[in-house]
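*Asks:* These protein sequence lines are chains A and B, in that order.
Residue numbering for the first sequence follows the numbering used here, beginning at 93 and increasing consecutively.
Residue numbering for the second sequence follows the numbering used here, beginning at 93 and increasing consecutively.
A hint or two may mislead.
For identical chains, the list gives no copy identity; a pair is met inside one copy or between any two copies.
Cut-off 25 Å, straight-line C-alpha distance, at most; resulting in silico cross-link-like pairs (DSS-like, lysine-lysine) [stated by the list, open to error]:
#1 K414 with K155
#2 K409 with K155
#3 K115 with K396
#4 K287 with K349
#5 K349 with K115
#6 K167 with K376
#7 K115 with K386
#8 K396 with K386
#9 K349 with K386
#10 K386 with K287
Because the hints were derived from the structure by calculation, they are not lab data.
None of the values given here were measured: they were computed from a predicted structure.
Protein chains: 2
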Amino acid sequence: MDSDVLHIPAQEMLNVFTSILVKHGFPVEKALQCATIFTDSSIDGIYSHGVNRFPTFVDYVAKGHVLPAAEPSLKNAMGSIEQWEGNLGPGPLNAMMATHRAIGLARSSGIGCVALSNTNHWMRGGSYGWQAARGGCVFIGFTNTIANMPAWGAKDARLGNNPLVLAIPYQDEAIVLDMAMSQYSFGAMELARLKNTMLEVDGGFDANGNPTRDPGVIIDTRRTMPVGFWKGAGLALLLDMLAALLSGGLSTHEINKNAVEYGLSQVFIAIDLSRLGDSSIINKTIESILDDYKSSVLVESGRKVIYPGQRVLETRKANTIKGIPVQRRIWERVVML
Amino acid sequence: MDSDVLHIPAQEMLNVFTSILVKHGFPVEKALQCATIFTDSSIDGIYSHGVNRFPTFVDYVAKGHVLPAAEPSLKNAMGSIEQWEGNLGPGPLNAMMATHRAIGLARSSGIGCVALSNTNHWMRGGSYGWQAARGGCVFIGFTNTIANMPAWGAKDARLGNNPLVLAIPYQDEAIVLDMAMSQYSFGAMELARLKNTMLEVDGGFDANGNPTRDPGVIIDTRRTMPVGFWKGAGLALLLDMLAALLSGGLSTHEINKNAVEYGLSQVFIAIDLSRLGDSSIINKTIESILDDYKSSVLVESGRKVIYPGQRVLETRKANTIKGIPVQRRIWERVVML
Numbered sequence: 093m094d095s096d097v098l099h100i101p102a103q104e105m106l107n108v109f110t111s112i113l114v115k116h117g118f119p120v121e122k123a124l125q126c127a128t129i130f131t132d133s134s135i136d137g138i139y140s141h142g143v144n145r146f147p148t149f150v151d152y153v154a155k156g157h158v159l160p161a162a163e164p165s166l167k168n169a170m171g172s173i174e175q176w177e178g179n180l181g182p183g184p185l186n187a188m189m190a191t192h193r194a195i196g197l198a199r200s201s202g203i204g205c206v207a208l209s210n211t212n213h214w215m216r217g218g219s220y221g222w223q224a225a226r227g228g229c230v231f232i233g234f235t236n237t238i239a240n241m242p243a244w245g246a247k248d249a250r251l252g253n254n255p256l257v258l259a260i261p262y263q264d265e266a267i268v269l270d271m272a273m274s275q276y277s278f279g280a281m282e283l284a285r286l287k288n289t290m291l292e293v294d295g296g297f298d299a300n301g302n303p304t305r306d307p308g309v310i311i312d313t314r315r316t317m318p319v320g321f322w323k324g325a326g327l328a329l330l331l332d333m334l335a336a337l338l339s340g341g342l343s344t345h346e347i348n349k350n351a352v353e354y355g356l357s358q359v360f361i362a363i364d365l366s367r368l369g370d371s372s373i374i375n376k377t378i379e380s381i382l383d384d385y386k387s388s389v390l391v392e393s394g395r396k397v398i399y400p401g402q403r404v405l406e407t408r409k410a411n412t413i414k415g416i417p418v419q420r421r422i423w424e425r426v427v428m429l
Numbered sequence: 093m094d095s096d097v098l099h100i101p102a103q104e105m106l107n108v109f110t111s112i113l114v115k116h117g118f119p120v121e122k123a124l125q126c127a128t129i130f131t132d133s134s135i136d137g138i139y140s141h142g143v144n145r146f147p148t149f150v151d152y153v154a155k156g157h158v159l160p161a162a163e164p165s166l167k168n169a170m171g172s173i174e175q176w177e178g179n180l181g182p183g184p185l186n187a188m189m190a191t192h193r194a195i196g197l198a199r200s201s202g203i204g205c206v207a208l209s210n211t212n213h214w215m216r217g218g219s220y221g222w223q224a225a226r227g228g229c230v231f232i233g234f235t236n237t238i239a240n241m242p243a244w245g246a247k248d249a250r251l252g253n254n255p256l257v258l259a260i261p262y263q264d265e266a267i268v269l270d271m272a273m274s275q276y277s278f279g280a281m282e283l284a285r286l287k288n289t290m291l292e293v294d295g296g297f298d299a300n301g302n303p304t305r306d307p308g309v310i311i312d313t314r315r316t317m318p319v320g321f322w323k324g325a326g327l328a329l330l331l332d333m334l335a336a337l338l339s340g341g342l343s344t345h346e347i348n349k350n351a352v353e354y355g356l357s358q359v360f361i362a363i364d365l366s367r368l369g370d371s372s373i374i375n376k377t378i379e380s381i382l383d384d385y386k387s388s389v390l391v392e393s394g395r396k397v398i399y400p401g402q403r404v405l406e407t408r409k410a411n412t413i414k415g416i417p418v419q420r421r422i423w424e425r426v427v428m429l
C-alpha cells in the first residue's frame, strides 16, 4: 500500500498549486496566497481540505462558481463591525481577508467582527484560527454550508453542518478547535470509506432514517448525525441564522437551491488578547489548564488525552521533514489540472 | 400524583422569593431583581434553574459563598471590551449587569464584550440571551463550571460542562439556545431519576468508566457524556480557557479545588442587530429559515421539529395562565427558607 503514497515536499506542492491556479485565471499574488493555504492545510495533516480537495476547488473555478480575480468589497462599517460582500471570490482568500480585518478591528477596539456574504467554501476553517492566533488574537468564527444534516426528529437534510472555529494563541503556536456540527466531517467519512472501516459511533442516517456507522451510506444519503443529537442540530440552526443575519447573506436553505455549494455566509470575530494581560501570564494560565487536563486518569493505559490542535503540531513537524503524504492517484490528478 | 404538584401564581412566587432574599441579607432592589430572574425561569419552564434551585441558592448565600450585597466592579476597559470583577456577588445579578454592559458597548460600537471573573453560578444561561435579545442584540455567552465531565479517553472529570448561550431577537421574542457541553444537564438527569426513567441516549459514565443511560448513576459519578463525544469535550476545554483568559479569572481546575462551585469566569458578547438592517428584514430572514426548518420530513408522523426557545414560549403562556407547577415538597421547603 505504501507505494501508493507519495511524499511531496511542501515547496514543490506550493509551486504546483500556484502554477495551476495561475493557469486557471488567478492573478499571481492571489495564486500564491491561495496555494499557500492549501499547502499549509496539507502540511498540518488536514488533507481533506488541502491537497485532496484541490481538484474540486479548481473544478469550481473552471465552472465559474469561484471567481479567481474577484475581490471582497466593504458593504457597511459601524464601529467594530464590518459587513463585506465576497463577490464569489475564492473562499480561502476572502476568509483570510476577513480575518485580517477582524484582527485590525480588534487591535483598535479590543474586539472586532467581520461578516462576509456571498463567499465560497473557506476549506479548512482552522486556517483562520491559526491566522488570528498568530496575530495575538482569540478567534471565534463560523460558516454556513449546503444542507447536509437533518433537524432532530426529521429525515431530510435541511441544516448545514456549519463548522465553528475557536482559537487561542499559545506560546508561539495556538490551541485551535475546528468542528463541524456533524459528528464526522465528510472528509473523515471519505477516509473511513476508503479504508473500509466502520465509524466509532453513529455518524448519520441511512435512506430509511435509521442511525448507521457505515460511512459510505452516509456519504450517499448526505444525512449526517448532529453532534450531541438534538443539541448540535439546534446549534447548527443558530449558526446559520447568525451567519445570514450578520452578513446580510444567504442562509443554508437558500444556498441549497443551487446544485453546488457557493454563495456562503461567514462570521469572523477576533479579540486582542495582548490588551488583556501579559503574554507570559496568558501562557501560564493555558499551561496550567493543559497540565491538569493531561493528568486525566485514562480509560486505557497507552491511550492519550489530546487537546484541539495538538495533533496538528505533531503532523506539521513530520510532514515538514518527510514531505506531505499524498495518495498517488490524487497527486497524479493534481498535476494534470 | 397531580395532587403533589401545586400551581403557584407568578406574582406569589416573586413575592415569596423576594422576601426570603431580603431576609437573607439582599438589599430590597437586588432581592427583587434576583427573585424576578428565578421566577421568570420558572415561568419559562426551566424549573431546574428556577424554583427547584432556589433552596440551594439560598443555602449558598447562608454559607457565605454568594455575597448578597456585593457589587461587581470594573477592572479594565479597552474599547469595546470590559473586564469586571464579580466580587462573589449573586451570579444572576452579576450576569445581568454584564449583559447590560455588553449591550451598552454594542450600542456604541456594534459589538461589545464583557468578561466577568470571580462570580457565581448564573443559574439559567438563557436569561441573559433573552435579556440581550429584548435589547435588540444578538448574544453569545458562556460560563465555566466545576469539573463534571471527563476529557475524551479519560475516566475522571476534569472539564466543566460549560454552558454556551446563543440568542437572536425575533419578532417580539427571541430564538435562544442554551446548551451545556454535557449531553444532559444535571437538572434534566435529576428529573429523569425522579421519574425513574432511563435517558434516551448515553448521558455519562458509571464508576468503571462505561457509558450508561442511568441518570442516578451519572449524578453519583458526576461524569457526564460530552455532546458529540470528543467534540464537546474539546469545545468545553476551549470555553473554559477563553472564560479564564478573557476575564482574568479562575479556570475549572482551579474552581474545582473548592468543595462547592463558586468564583466562576464568564463571557458576554452582544452585537447590535439594529445596526445591520431593518427589523422587518431581519424577522423575514429568520422566518424563512424557520419555515424551511419546520417543513422537514418527520421521522414519525405526529412528532414535531422544534427550534431552540420554541418550547419556552408555549410553557410561558401556559404557566402565566395556570400558575407555575411546583412539586409540593419543593414549595414547602421554599416557604420555610
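*Asks:* Check the structure against each numbered hint from earlier and tell me which ones fail, lowest number first.
*Replies:* Checked against the structure, the hints that fail are numbers 1, 2, 3, 4, 5, 7, 10, while the rest are satisfied.
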